[in-house]
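Enquirer: Got chain A; can you put chain B on it based on the hints?
Chains as they are written, first to last, in the numbering used here: chain A, 1 to 396; chain B, 1 to 396.
Check the hints yourself; a few may be wrong.
If chains are identical, the list can't say which one is meant, so a pair holds when it fits in one copy or spans any two.
Once the Cα atoms are required to be at most 30 Å apart in a straight line, the calculated DSS-like pairs of lysine-lysine come out as [unchecked claim]:
| no. | residue 1 | residue 2 |
| --- | --- | --- |
| 1 | Lys-295 | Lys-308 |
| 2 | Lys-5 | Lys-144 |
| 3 | Lys-5 | Lys-25 |
| 4 | Lys-24 | Lys-295 |
| 5 | Lys-295 | Lys-25 |
| 6 | Lys-192 | Lys-381 |
| 7 | Lys-295 | Lys-52 |
| 8 | Lys-389 | Lys-308 |
| 9 | Lys-81 | Lys-27 |
| 10 | Lys-389 | Lys-295 |
| 11 | Lys-25 | Lys-81 |
| 12 | Lys-81 | Lys-52 |
| 13 | Lys-81 | Lys-5 |
| 14 | Lys-27 | Lys-295 |
| 15 | Lys-52 | Lys-300 |
| 16 | Lys-24 | Lys-81 |
| 17 | Lys-24 | Lys-337 |
| 18 | Lys-345 | Lys-300 |
These aren't lab readings, by the way, just hints derived from the structure by calculation.
Protein chains: 2
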Amino acid sequence: MINQKNVQLGRVRSAIRELFEYGKKRKAQIGEENVFDFSLGNPSVPAPAEVKEELERLVCTSDPVFLHGYTSAQGDYSVRKAIADDLNARFGAGLNADCLYMTCGAAASLCITLNALVVQGDEVITFAPFFPEYSVFAAHAGAKLVPVQSDPVTFQPDLAAFEGALGARTKAVIINSPNNPSGVVYTEQTIKALADIIARHEQRTGNAVYLVSDEPYRELVFDSATKVPFITNFCARSIVCYSYSKSLSLPGERIGYIAVNPAMQEFEEVYAGICGAGRSLGYVCAPNLFQQLVKAVTGKTSDISVYKTNRDLLCSALTDYGYTVVRPDGAFYLFVKALEEDAQKFADRAKEYELLLVPSDSFGVKGYVRISYCVDTDMIKRSLPAFLKLAESYRK
Amino acid sequence: MINQKNVQLGRVRSAIRELFEYGKKRKAQIGEENVFDFSLGNPSVPAPAEVKEELERLVCTSDPVFLHGYTSAQGDYSVRKAIADDLNARFGAGLNADCLYMTCGAAASLCITLNALVVQGDEVITFAPFFPEYSVFAAHAGAKLVPVQSDPVTFQPDLAAFEGALGARTKAVIINSPNNPSGVVYTEQTIKALADIIARHEQRTGNAVYLVSDEPYRELVFDSATKVPFITNFCARSIVCYSYSKSLSLPGERIGYIAVNPAMQEFEEVYAGICGAGRSLGYVCAPNLFQQLVKAVTGKTSDISVYKTNRDLLCSALTDYGYTVVRPDGAFYLFVKALEEDAQKFADRAKEYELLLVPSDSFGVKGYVRISYCVDTDMIKRSLPAFLKLAESYRK
Numbered sequence: 001m002i003n004q005k006n007v008q009l010g011r012v013r014s015a016i017r018e019l020f021e022y023g024k025k026r027k028a029q030i031g032e033e034n035v036f037d038f039s040l041g042n043p044s045v046p047a048p049a050e051v052k053e054e055l056e057r058l059v060c061t062s063d064p065v066f067l068h069g070y071t072s073a074q075g076d077y078s079v080r081k082a083i084a085d086d087l088n089a090r091f092g093a094g095l096n097a098d099c100l101y102m103t104c105g106a107a108a109s110l111c112i113t114l115n116a117l118v119v120q121g122d123e124v125i126t127f128a129p130f131f132p133e134y135s136v137f138a139a140h141a142g143a144k145l146v147p148v149q150s151d152p153v154t155f156q157p158d159l160a161a162f163e164g165a166l167g168a169r170t171k172a173v174i175i176n177s178p179n180n181p182s183g184v185v186y187t188e189q190t191i192k193a194l195a196d197i198i199a200r201h202e203q204r205t206g207n208a209v210y211l212v213s214d215e216p217y218r219e220l221v222f223d224s225a226t227k228v229p230f231i232t233n234f235c236a237r238s239i240v241c242y243s244y245s246k247s248l249s250l251p252g253e254r255i256g257y258i259a260v261n262p263a264m265q266e267f268e269e270v271y272a273g274i275c276g277a278g279r280s281l282g283y284v285c286a287p288n289l290f291q292q293l294v295k296a297v298t299g300k301t302s303d304i305s306v307y308k309t310n311r312d313l314l315c316s317a318l319t320d321y322g323y324t325v326v327r328p329d330g331a332f333y334l335f336v337k338a339l340e341e342d343a344q345k346f347a348d349r350a351k352e353y354e355l356l357l358v359p360s361d362s363f364g365v366k367g368y369v370r371i372s373y374c375v376d377t378d379m380i381k382r383s384l385p386a387f388l389k390l391a392e393s394y395r396k
Numbered sequence: 001m002i003n004q005k006n007v008q009l010g011r012v013r014s015a016i017r018e019l020f021e022y023g024k025k026r027k028a029q030i031g032e033e034n035v036f037d038f039s040l041g042n043p044s045v046p047a048p049a050e051v052k053e054e055l056e057r058l059v060c061t062s063d064p065v066f067l068h069g070y071t072s073a074q075g076d077y078s079v080r081k082a083i084a085d086d087l088n089a090r091f092g093a094g095l096n097a098d099c100l101y102m103t104c105g106a107a108a109s110l111c112i113t114l115n116a117l118v119v120q121g122d123e124v125i126t127f128a129p130f131f132p133e134y135s136v137f138a139a140h141a142g143a144k145l146v147p148v149q150s151d152p153v154t155f156q157p158d159l160a161a162f163e164g165a166l167g168a169r170t171k172a173v174i175i176n177s178p179n180n181p182s183g184v185v186y187t188e189q190t191i192k193a194l195a196d197i198i199a200r201h202e203q204r205t206g207n208a209v210y211l212v213s214d215e216p217y218r219e220l221v222f223d224s225a226t227k228v229p230f231i232t233n234f235c236a237r238s239i240v241c242y243s244y245s246k247s248l249s250l251p252g253e254r255i256g257y258i259a260v261n262p263a264m265q266e267f268e269e270v271y272a273g274i275c276g277a278g279r280s281l282g283y284v285c286a287p288n289l290f291q292q293l294v295k296a297v298t299g300k301t302s303d304i305s306v307y308k309t310n311r312d313l314l315c316s317a318l319t320d321y322g323y324t325v326v327r328p329d330g331a332f333y334l335f336v337k338a339l340e341e342d343a344q345k346f347a348d349r350a351k352e353y354e355l356l357l358v359p360s361d362s363f364g365v366k367g368y369v370r371i372s373y374c375v376d377t378d379m380i381k382r383s384l385p386a387f388l389k390l391a392e393s394y395r396k
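Chain A extracted, bound-state conformation (with noise of 0.2 Å):
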């Protein structure tokens, strides 16, 4: 008898992938341009042309021994040196090349973070809606995933059922600011609050919870008084976990960091079982042509304008036609509600006009559904119809 849970994971497709492959198989029988595909946070806009640029030049003139060779686990110094130096430039992070920890994207330090932390029976507090494979990385690390729900108006946490939340084996507090899957930003005065919830806390039961804030959306925001605010400078116990996966457009290429505040106590014991649990997961050091691609570029992003682009047009034409929005103030998505209770039903409902949107239910809140607006803006002006007809439907 092998492992189930892995088996069971490896044979239940997320509902995102789930859709994903019944859009490509629509496509194949109706034609890809009457297929409104809004499942896949996939970015649509290419990396920026430093990136190219700068990987040719590393190809072409590095020494290769070097180039592709091992790093220190942690990463090459000179990468998190220059990181450390942008974070602390843009946001005043208080960072140094000591705080970083190059991984495989997101999704890794995520991994890497909780089974750093996670002693078996553990709880991590997230707020829904969340990425569904917090779960699976909780689990994995030993822990129960806790939801709090957040405002039902500004989508912000619910402080008050955050603070009931909390309890003895409370470890860490996962944050996801921009957020995916509703787009919304933490304002400072949640992060504060959130702040100020865990400092009583601590000081009420001896017990130490780490912020964890999960950003691979921090550089997409669409207006520039949208501050995202940087969690080391409001929480000693901060820990960030970073990906270029969407910022530089490199999602395939498995490129981040870990970022743990040295102002907390125990920086030295953190820091050390993070460097532990990336032995114990597998993870030797992040790949090299990527490190020394990302230190040459910190600080760029991709021509993130398409995205705000449509955004407007979505945020405008679905008001218009009755939905209710969550307006997104970064990321690439938007919350929708549904115009029935049971947000499967309704999506359901939309593939019979092409439209393919990610029911709710699996990030943790009932009926809404997310359309991911990291595509053509052409696929959305032809989606418009759709949309309307969608509504119409429920008005008969």
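Expert: Structure of chain B alone, referenced to chain A:
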């Protein structure tokens, strides 16, 4: 209290890393050319020319949204197809694209495989000497690593000891050929005998036991007469864990694969377990640029002739000086009998002659040192007087 097991793993460097760090300091003190560093298994020859050409071609001519985009979790289909075709052509492996799962290198291949197979409390057998991280990987998956000694002359597995070690909780057997640290290649006779013993055990107990072959050194053999048997030809319940780190000199890029033998009855279950374990450990997909690269250069290897030169030089000189060596047929390691009982003390004395040799204790064997000869031939030539003096120091 965070996870102390991982804190400990993060704090304690491996013996190999420890020696390497000592070497760096020593080189700064007395000059790089005066330290003979045989500690690390980092390929010293560059990737073959085709790697640079193909990387350049991919970066310059491919659509970046595809090239750097997600692949399916098991890897791009065309990549898996190309690898299966190549393995079938070279070894009659009997594989197809759907038997393969692309990974971030050998450590990831092993961790994913063990997490797919192991149920808490299982045992995993391996043969000493063995790569020390096997203990870490097995422990994280919930298994106890059970080392079985090898024949003290040939360093082929001790078959009687193996038969005795198989028990009610044995879930898997890891072999590593060409072997790190002995350089020994397991013969076809050995593989057949292992498969027979496993089959008899399975029949007796009704328990399935998987033969897992960790083979990053498959292509590093120095004589065309030396064949590395491909285990799918000998054992239905077999899984190959491969990495391109050594064959293409890409250790920092983290690219490899798992191949599950489709001849096993429960193939679908095992492959699903591997997909699930990949999710649990945070592996989203293997780096896509390097997936596309290996598709284009299947079967190619770095120019390994220097490793053969180095082996011949070292074996001949060290034998002349009175050392007992296990003559390696593959990999780039030489296993040398220490000149006193305690390998650590011998390695310490070698340091006095600026020779950095890894004592065998962490490989599960007493009384040997490992020499990694993936180094400049020139350094080996310069090191020979030191080896001679070290030997002479024991004759006084």
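Enquirer: Look at each hint and say if it fits the structure.
Expert: We went through each hint and held it up to the structure:
| no. | hint | in the structure |
| --- | --- | --- |
| 1 | Lys-295 x Lys-308 | within (27 Å within a copy, 37 Å between copies) |
| 2 | Lys-5 x Lys-144 | both (15 Å within a copy, 19 Å between copies) |
| 3 | Lys-5 x Lys-25 | within (29 Å within a copy, 46 Å between copies) |
| 4 | Lys-24 x Lys-295 | between (37 Å within a copy, 24 Å between copies) |
| 5 | Lys-295 x Lys-25 | between (40 Å within a copy, 26 Å between copies) |
| 6 | Lys-192 x Lys-381 | neither (40 Å within a copy, 63 Å between copies) |
| 7 | Lys-295 x Lys-52 | both (14 Å within a copy, 21 Å between copies) |
| 8 | Lys-389 x Lys-308 | within (25 Å within a copy, 71 Å between copies) |
| 9 | Lys-81 x Lys-27 | between (46 Å within a copy, 24 Å between copies) |
| 10 | Lys-389 x Lys-295 | neither (48 Å within a copy, 45 Å between copies) |
| 11 | Lys-25 x Lys-81 | between (46 Å within a copy, 21 Å between copies) |
| 12 | Lys-81 x Lys-52 | both (22 Å within a copy, 27 Å between copies) |
| 13 | Lys-81 x Lys-5 | between (40 Å within a copy, 28 Å between copies) |
| 14 | Lys-27 x Lys-295 | between (40 Å within a copy, 27 Å between copies) |
| 15 | Lys-52 x Lys-300 | both (13 Å within a copy, 26 Å between copies) |
| 16 | Lys-24 x Lys-81 | between (43 Å within a copy, 20 Å between copies) |
| 17 | Lys-24 x Lys-337 | within (25 Å within a copy, 60 Å between copies) |
| 18 | Lys-345 x Lys-300 | neither (41 Å within a copy, 52 Å between copies) |
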